[in-house]
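S.K.: Construct the complete structure from the given sequences, taking the supplied hints into account.
Top line first, the protein sequences correspond to chains Y and Z.
Mapping of the first sequence onto this note's numbering: position 57 corresponds to residue 58, and the numbering continues sequentially without gaps.
Mapping of the second sequence onto this note's numbering: position 118 corresponds to residue 124, and the numbering continues sequentially without gaps.
These are calculated hints, taken from the structure and not from any lab test.
Check each hint, because a few of them may be wrong.
[Said to hold, decoys possible] To spell it out: a stretch of chain Z is covered by chain Y in this simulated footprint if at least three of its residues, at any positions, have a beta carbon under 8 angstroms from a beta carbon of chain Y; those stretches are:
{"no.": "1", "region": "48 to 62"}
{"no.": "2", "region": "109 to 120"}
{"no.": "3", "region": "166 to 177"}
The beta-carbon is built from N, C-alpha and C at its ideal position, and this holds for glycine as well.
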Amino acid sequence: MKKVMLLTIFAALMMISSAAVAQTATGTLTVTATVNGSIQLVFNSDAAGVALSSGAGTNTATLAFGNVSAFGAISAGIVRSTTASNFTVSSAVDVQVAKANSASANYTLKAQLGAADAVNTWTVGGVAVTNAAQSTLTATGAYAANSNFPVAITVPFTTASGTLISNTINYTATAN
Amino acid sequence: MLKNYISNMRGAALAALMLCGTSLVAQTTATGVINGSLVNKNGISIQFDTDPTGVTLGAAGTNAATANFGAVSAFGPLSGGVTRPSVTAANFTVRTIFDVQVIQGGLTSTTYTLTANLAAAAPTGMNYKVDAITLTTAAQTIQVNGAYSTAIPHNLDLVVSTAAPGAGGPAVGTPITTTINFTATAN
Chain Y
2 MKKVMLLTIF
12 AALMMISSAA
22 VAQTATGTLT
32 VTATVNGSIQ
42 LVFNSDAAGV
52 ALSSGAGTNT
62 ATLAFGNVSA
72 FGAISAGIVR
82 STTASNFTVS
92 SAVDVQVAKA
102 NSASANYTLK
112 AQLGAADAVN
122 TWTVGGVAVT
132 NAAQSTLTAT
142 GAYAANSNFP
152 VAITVPFTTA
162 SGTLISNTIN
172 YTATAN
Chain Z
7 MLKNYISNMR
17 GAALAALMLC
27 GTSLVAQTTA
37 TGVINGSLVN
47 KNGISIQFDT
57 DPTGVTLGAA
67 GTNAATANFG
77 AVSAFGPLSG
87 GVTRPSVTAA
97 NFTVRTIFDV
107 QVIQGGLTST
117 TYTLTANLAA
127 AAPTGMNYKV
137 DAITLTTAAQ
147 TIQVNGAYST
157 AIPHNLDLVV
167 STAAPGAGGP
177 AVGTPITTTI
187 NFTATAN
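M.R.: Here you go:
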């Protein structure tokens, strides 16, 4: 019995000894980052308008009206108005601007055509846009919300049937 | 008197001859013995290495390295070696990858356990993760079966609140520095 006790104590001491000499190594990694405020603009399809054919949820989207005419059938999501000399087709398009690490309360949104169009008239959110200069669509845009800025094209009756009308609209959102 | 003088002279001559003899034989060989001994101490070491896909570490190859993410933002450009795995309304995550290499000698241990902790509380609006494990000032286990002598990559995530400064978000436009302590323990 005494021997067993002694062996037990010896074994326990061995275990304590083993634990006491557990080998460790330490190191430090110093991590540095500089956080900057930023904003992001994306286009979303508006439920009332033509669905964006590509790029919804990104900042590079495509809006395809398809075939349009002054008096014929018109695709869903397109609003048309006609005068004696031209017709206008319009589709709702949502713009959403998000901010991060910024105390900005709102943003200014501007738009500009990528190329001149001497024939047709373009408007965004009811504001005429050309390639000559940026047009201000709003100076108090609300962050993190879909804001509808309808894209409209006014086409003269003199335009030949089958003519493809295409242009790029460049948007710029600036934090106020 | 003369007898004493002669005796002294003989003694001096004998001493001179003996000195001469000693000098002559000293030039032939010289020997020495050094009894060298060493005690082979076991131990392990840890070092941080630059991962090919991550940012270049400062002082790579040592146990006191630096990782600089540079400018980070929810939507803007990032430095090379930094990715942005997620952006939500509440926060965004930027990630880099660094390697940890643990070397052992004289141990029977085949693996090690790696733990990490923040040296101080995380700055406002910032959270730090290693391999998806959120770090605090208490040690968190990162890996329990690390292989020795292998550069093992680990994800280092910075989860940054998108809130504005003063509203729960981090300071902007100024470097935010945090130290992470790592401990490797032989299993």
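S.K.: Under a C-beta cut-off of less than 8 angstroms, do 3 or more residues of the region 166 to 177 of chain Z approach chain Y closely enough to confirm the stated coverage?
M.R.: Coverage by chain Y holds here, the residue count being 11 at a Cβ distance below 8 angstroms.
S.K.: Taking a Cβ-Cβ distance under 8 angstroms as contact, does the region 48 to 62 of chain Z have three or more residues in contact with chain Y?
M.R.: holds (count 7)
S.K.: Please count how many residues of the region 109 to 120 of chain Z have a CB within 8 angstroms of a CB from chain Y and say whether that reaches 3.
M.R.: holds (count 3)
Checked against the numbered hints given earlier, this structure breaks none of them.
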